[in-house]
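What the sequence shown shows, in our numbering, is residues 2 to 231, in sequence order.
These are calculated hints, taken from the structure and not from any lab test.
Just so you know, not all the hints are guaranteed correct.
Cut-off 25 angstroms, straight-line C-alpha distance, at most; resulting in silico cross-link-like pairs (SDA-like, lysine to any residue) [to be verified]: (1) LYS158 / LEU89; (2) LYS181 / THR195; (3) LYS158 / GLU86; (4) LYS49 / VAL91; (5) LYS217 / PRO165; (6) LYS97 / GLU86; (7) LYS97 / ARG113; (8) LYS97 / GLU148; (9) LYS181 / GLU199; (10) LYS185 / VAL140; (11) LYS217 / GLU148.
Distance ranges between label pairs, derived from CB positions [stated by the list, open to error]: (12) THR126 / ILE29: 48 to 56 angstroms; (13) ARG163 / ARG227: 17 to 25 angstroms; (14) PRO143 / GLY210: 22 to 30 angstroms; (15) GLU101 / VAL162: 26 to 34 angstroms; (16) GLU179 / GLU159: 17 to 25 angstroms; (17) GLN44 / PRO80: 26 to 34 angstroms; (18) ASP151 / ASN50: 44 to 52 angstroms; (19) ASN100 / PRO161: 40 to 48 angstroms; (20) ASN213 / GLU101: 33 to 41 angstroms; (21) ARG146 / THR22: 47 to 55 angstroms; (22) GLY210 / TYR76: 16 to 24 angstroms; (23) SER167 / GLY88: 32 to 40 angstroms; (24) LEU224 / THR56: 53 to 61 angstroms; (25) MET139 / GLU86: 39 to 47 angstroms.
Heads up, the beta-carbon is just placed ideally off N, CA and C, and yes, glycines get one too.
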Amino acid sequence: WAIIASVAALGSVIWLLYFSTAFAIRRIDVVGSVTPDVLTEIQQLQGKNLFISSTEALEARLRTAQSSIRELAVYKGLPDTLRIEVGLRVPILRWKSGNEEYLVDATGVPFRRGTGTTETSVDETAPLVVDTANQSVMVGSPLVRPEFLDAIVTLHKEFPVRFPVSVDRFELGDSTFETKLITKDGWAVLLDTTRPIEAQLVAFGQVYGQFNSEIKEYVDLRLEGRAYYK
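Construct the complete structure from the given sequences, taking the supplied hints into account.
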C-alpha cells in the first residue's frame, strides 16, 4: 500500500506540473525590441505548459527568426510567467553583396534589418561596403575580421574631417586585405587594411596637398612608403 500511495502521489505531482492548467503560461514579458514575426512566435506560447516549454529550443527559433538578436535570455517564473530579454546588435557598417544588403556589428557578424530592431540613425550613417565579387553572406556567422572593421570605421570618420573630400562608399574585390575608398567625385583611394591606417592617411595628405588638381582616377597607397596617383 505504501508503494501504491507513493506512485499515486508521484503521478499526481507529474499531472499537476505537466498536464494541469495550473502552470499554463498566461503572462509573457518581453524586454527589448523584436520583429512582428518574432512577437507572433512568442505569443504562440500562451496557454502552453511552463515546464514542458524548452527555453533552448525557443532561443534557437527566435535567433533564426531575428538575426539582429545579439543576446537572448528566457526565464520561467512560477506559476504562469515567461520573461524574455533581448539585446540587439548595433550596426557599425552596411554590407552589400549583389542585390542584398546587410548590417554588420562590431564583432564582424552580419544581420538583416528589422522594423524596430535597429537604431535607424546609426544604420543610415554607417559606412557602406560593396563586395564587387558578390560573395555569399551567412547571416549570424562572422564575416570579416575586426582589423578590417576598425580600418573602415576609421576611414569613414577621419577622411572627410581631414580632407575636403566626401566619401561615397568602400569597395572590395577578392579580399578584405585591400579596399577602395570611392569618393563622391568618382575617383578612388586604394588602401591596405592590414597596415596602420594613420600612416596611409598621412601619405594621402601629402599627395593630395600637392597634386589634388591632377588626381582623376585614383591614389594608390598600398605600397608602404610610396604613393601613386593617376
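Out of the numbered hints, which ones does the structure contradict? When the structure is compared with the hints, numbers 3, 4, 6, 10, 11, 12, 14, 17, 19, 22, 25 turn out to be violated.
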